[in-house]
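Please work from the sequences and hints to get the whole structure.
Residues per chain, in single letters:
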Amino acid sequence: MSDTRDFHDRAMDLFELGLLSARAGRLGESRALFTEAMENEAKAADSVAEDYSLEPTRSILCRSAASIALRIGDTGQAKRYVAAGLAGSPPEDIKEELSVLYEQVLVLEAATADYRLTAPRGLTIIEQISRRFRSNAPVNITGLARALGLAVRQAALGPDISGEIFPDLYRGGSSGYTIRVNASDSTEQKRLTVAHEIAHFLRHRDRIGNRLIDDRMYRSRLESTKEREAEELAFELLMPRALIGSLRSAGTNDLVTLAARFNVPLAVIKRRLGIKD
Amino acid sequence: MLALIRLTAGAMNLPSLTLGLDRLKSGSIGMSAVYGAFLAEAASHCLKANRHPDPVALYVTGDDCFVAHLGWCDSAVPDDATWADPQEATEYGAYGIAIVVALPLTKTSRVERSARGPGIDYWMGDSRDQTGIFQRSARLEVSGILKGDNAKIAARLKEKISQTNRSASSGLSAYVAIVEFSAPEARLVRKATELSL
Numbered sequence: 001m002s003d004t005r006d007f008h009d010r011a012m013d014l015f016e017l018g019l020l021s022a023r024a025g026r027l028g029e030s031r032a033l034f035t036e037a038m039e040n041e042a043k044a045a046d047s048v049a050e051d052y053s054l055e056p057t058r059s060i061l062c063r064s065a066a067s068i069a070l071r072i073g074d075t076g077q078a079k080r081y082v083a084a085g086l087a088g089s090p091p092e093d094i095k096e097e098l099s100v101l102y103e104q105v106l107v108l109e110a111a112t113a114d115y116r117l118t119a120p121r122g123l124t125i126i127e128q129i130s131r132r133f134r135s136n137a138p139v140n141i142t143g144l145a146r147a148l149g150l151a152v153r154q155a156a157l158g159p160d161i162s163g164e165i166f167p168d169l170y171r172g173g174s175s176g177y178t179i180r181v182n183a184s185d186s187t188e189q190k191r192l193t194v195a196h197e198i199a200h201f202l203r204h205r206d207r208i209g210n211r212l213i214d215d216r217m218y219r220s221r222l223e224s225t226k227e228r229e230a231e232e233l234a235f236e237l238l239m240p241r242a243l244i245g246s247l248r249s250a251g252t253n254d255l256v257t258l259a260a261r262f263n264v265p266l267a268v269i270k271r272r273l274g275i276k277d
Numbered sequence: 278m279l280a281l282i283r284l285t286a287g288a289m290n291l292p293s294l295t296l297g298l299d300r301l302k303s304g305s306i307g308m309s310a311v312y313g314a315f316l317a318e319a320a321s322h323c324l325k326a327n328r329h330p331d332p333v334a335l336y337v338t339g340d341d342c343f344v345a346h347l348g349w350c351d352s353a354v355p356d357d358a359t360w361a362d363p364q365e366a367t368e369y370g371a372y373g374i375a376i377v378v379a380l381p382l383t384k385t386s387r388v389e390r391s392a393r394g395p396g397i398d399y400w401m402g403d404s405r406d407q408t409g410i411f412q413r414s415a416r417l418e419v420s421g422i423l424k425g426d427n428a429k430i431a432a433r434l435k436e437k438i439s440q441t442n443r444s445a446s447s448g449l450s451a452y453v454a455i456v457e458f459s460a461p462e463a464r465l466v467r468k469a470t471e472l473s474l
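Protein sequences, first through last, are from chains A and B. By the working numbering, the letter at position 155 of the first sequence is numbered 155, and the numbering carries on one by one without gaps. To get the working numbering, take the position in the second sequence, counting from 1, and add 277.
Watch out, some of these pointers could steer you wrong.
[Claimed, not checked] Stretches of chain A that chain B covers, calculated by requiring three or more beta carbons in the stretch to come under 8 Å of a beta carbon on chain B:
id : segment
1  : 2 to 9
2  : 14 to 27
3  : 82 to 94
4  : 260 to 270
If you're looking for bench data, these hints aren't it; they were derived computationally from the structure. Backbone N, C-alpha and C define an ideal beta-carbon position, used for all residues, glycine too.
Put into structure tokens, the structure is as follows:
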């Protein structure tokens with residue numbers, strides 16, 4: 001047990017250092033610290049792997065190793081330790097946390113999968129989540145972001161910025177990214193910004209770099225075609241065509257009412273419907 | 278409730294205790310000194326933002342009631358830019374105070390840590406227990422409020438307890454701590470575990 005203790009204490013010390021380093025914005029250093037923390041926590045978990053009677057020690061160490069692995073995007077290791085934790089007889093709440101972790105791993109895997117060469121069979125987990133959150137108006141857009149592993153916060157971003165998305169090993173969601181919206185904006189505008197940043201995450205994750213900032217016109221350093229892609233997807237996330245169709249079939253055609261139903265700015269629902277001012 | 282406790286504290290000599298955030302920085306309570314200093318700084322920032330004296334009277338309520346004279350090192354608090362996000366300061370500051378309060382109340386000398394979600398999961402237990410890490414440990418669930426009244430504390434406590442409901446059914450016990458900074462209070466409740474035979 002002393003080896004387990006030593007590995008675990010070392011892992012947690014490194015993890016704490018990694019958090020502080022990430023907070024200071026030293027991404028490379030924090031990633032290296034988290035990686036070393038994960039290796040130590042994995043050794044701690046492995047050292048009790050065969051002792052199925054040692055609960056909750058066994059499952060907590062597995063969950064801890066899987067959590068750190070997910071933070072650094074190592075979905076293979078995260079899956080391995082979730083499976084190891086579930087293979088024992090974890091207490092009910094740890095079991096539930098392991099199951100949630102497993103879903104987060106699958107979401108991250110799907111979000112990072114390259115479907116250009118091999119098309120997925122059926123709906124991907126991202127599409128399933130998206131459908132779940134987009135079946136009613138107004139769409140729970142922050143819920144969707146969180147389910148996709150994105151933390152959503154607001155901050156004073158200045159008068160010219162709508163929002164941003166950036167890799168965040170300190171307080172990011174399970175994807176390792178955070179969306180920040182301008183705290184001074186209206187709720188409707190914030191919702192549009194969240195949808196736009198989700199779209200960047202899903203479509204342009206490899207182009208986000210250290211930070212992707214969108215100005216008031218939702219222009220960033222990405223080329224205009226990418227911004228158009230993001231806008232199209234953001235509109236579909238926030239105002240699904242199928243939902244608009246059902247509402248209009250049921251007689252809701254007034255633009256102000258539609259904007260209110262979807263909780264978006266009036267100008268945005270007009271753009272969605274191709275109506276020019 | 279807090280007003281009643283304060284009246285009682287004055288009239289009936291509620292037990293008192295001296296606590297200090299310095300304990301977090303010792304490196305001997307199960308967390309690294311540098312991370313302990315970070316939690317202490319967050320807590321100090323929240324106390325300073327509320328213009329409290331150092332030491333401040335911290336009312337500990339819940340399963341136990343007493344007044345803690347909490348030293349928090351006013352001069353060591355950095356400028357506001359370091360803690361620009363009040364939500365972040367409140368969250369980490371609450372952990373700092375909850376741990377300092379929970380150690381004597383749970384008769385524990387160290388906390389156990391594990392990684393969970395974006396942060397650290399704390400457990401109160403005897404780390405010298407030879408049966409293994411987290412054996413006979415109780416999870417510490419913490420929530421912070423920068424400015425709030427008794428109703429807000431009670432509502433947050435209820436919410437946290439319902440979030441940890443599974444602990445009761447699974448035999449894992451838990452403490453729930455709500456830390457409020459404007460009229461400093463730490464409400465600490467041990468969730469009862471249900472015995473299923």
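Results for each hint:
Counting residues of the segment 2 to 9 of chain A whose C-beta lies closer than 8 Å to any C-beta of chain B gives 3; at least three are required, and the coverage claim holds. Only when three residues or more bring their CB closer than 8 Å to a CB of chain B does the claim for the segment 14 to 27 of chain A stand; here the count is 5, and the claim holds. By the rule of at least three residues with a Cβ nearer than 8 Å to a Cβ of chain B, the coverage given for the segment 82 to 94 of chain A holds, with 4 such residues. Remark: the segment 260 to 270 of chain A is not confirmed as covered by chain B, as 0 of its residues place a Cβ nearer than 8 Å to a Cβ of that chain, below the required three.
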